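Peer 1: Given next are the chains, with one letter for each unit.
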Amino acid sequence: GAGVSQSPSNKVTEKGKDVELRCDPISGHTALYWYRQSLGQGLEFLIYFQGNSAPDKSGLPSDRFSAERTGGSVSTLTIQRTQQEDSAVYLCASSSSGGAGLEQYFGPGTRLTVT
Amino acid sequence: TQLLEQSPQFLSIQEGENLTVYCNSSSVFSSLQWYRQEPGEGPVLLVTVVTGGEVKKLKRLTFQFGDARKDSSLHITAAQPGDTGLYLCAGAAPVGFKTIFGAGTRLFVKA
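Protein sequence lines, in the order shown, are assigned to chains A and B. With the working numbering applied, the first sequence covers 97 to 211. With the working numbering applied, the second sequence covers 211 to 321.
Treat the hints as calculated values from the structure; they're not laboratory data. Treat the hints with care, as some may be off.
Straight-line distance between alpha carbons at most 30 angstroms, and here's what the computed DSS-like set of lysine-lysine pairs gives [as the list claims (entries may be wrong)]:
#, chain 1, residue 1, chain 2, residue 2
1, B, Lys269, A, Lys153
2, B, Lys269, A, Lys107
3, B, Lys266, B, Lys308
4, A, Lys153, B, Lys266
5, B, Lys269, B, Lys280
Fair warning: this is a prediction, and the values are worked out from it, not measured in the lab.
With the hints as constraints, model all of the structure from the sequences given.
Peer 2: The following block contains the structure:
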C-alpha cells in the first residue's frame, strides 16, 4: 500500500515569507508526528497528533510554527515569517496508534531552504 | 531533559570489517528503537527492544538493550557497502508519547 507522502519535496523561500508543508499519512494511522532534521543532526520532535486528542505541541520552537490535522488524516505544518535558521528537512511520520515505542513510518521529507 | 548520545558520530570502514555503534543516556527508556536512514529518504525501523538485557538479531546486525534500559548498542558483522547510511537510535519516554532521537552515526562502508 501507499506509504507516507510529503509535499513539496523541496521548497526554497525568501526570508520573511510563509510556507506550508503537507503530509499524507498511511491510511488508517491515527498518530502523526512532525520532526525537523538539520544537517548532521538527529530528529527534533515538533508536534504529535493522536486521533481527536489535543495535539502535543511541546516541540514547536516558536509561535511562528503551527500545524493542523484535518479530518484525522492530512496534516499541514505552517511556518510564518521564515528565518534562515528554519532551513532543514521536515519529516512527517505516522503510526497505527498512539504511544511512543510503536513503529513510525516516515515520509521522504521536505527540504526547506530559506534564503 | 532526556537525551540520547550516539557514538561514534561518523565511521568509515572497509567491507568485511565488524563495527559497534553505541547509544547512551542517563535516563531510563521504556523501549528503544534503531532506525536506518538513507540520503533523501525518511528513517526506516530496524528493531525495537523493550526488555532490559534483551538481545535481538537481524541477519548480520545484533542489537542489545542495557540491563538498566539506559543504553543500547548495534553491532554489525562483516559490514557490506549496502549497510552504508545514518543509524539513529530512538527512545520512548516512560510517560507520554514523545520519541527522543539521537543525533545518529553516519556509517560508510567501502568496497
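Peer 1: Would the pair Lys266 (chain B) and Lys308 (chain B) pass a check requiring their Cα atoms to be no farther apart than 30 angstroms?
Peer 2: Roughly 24 angstroms separates the two Cα atoms, so the pair holds.
Peer 1: Can you confirm whether the C-alpha distance between Lys269 (chain B) and Lys107 (chain A) stays at or below 30 angstroms?
Peer 2: Violated, because 38 angstroms separates the two Cα atoms, which is more than 30 angstroms.
Peer 1: Would the hint linking Lys153 (chain A) and Lys266 (chain B) be met if the CA-CA limit is 30 angstroms?
Peer 2: 34 angstroms, violated
Peer 1: Is Lys269 (chain B) close enough to Lys153 (chain A), meaning Cα to Cα at most 30 angstroms?
Peer 2: 38 angstroms, violated
Peer 1: Straight-line Cα separation of Lys269 (chain B) and Lys280 (chain B) no greater than 30 angstroms?
Peer 2: 25 angstroms, holds
Hints 1, 2, 4 from the list above are not met by this structure, while the remaining hints are.
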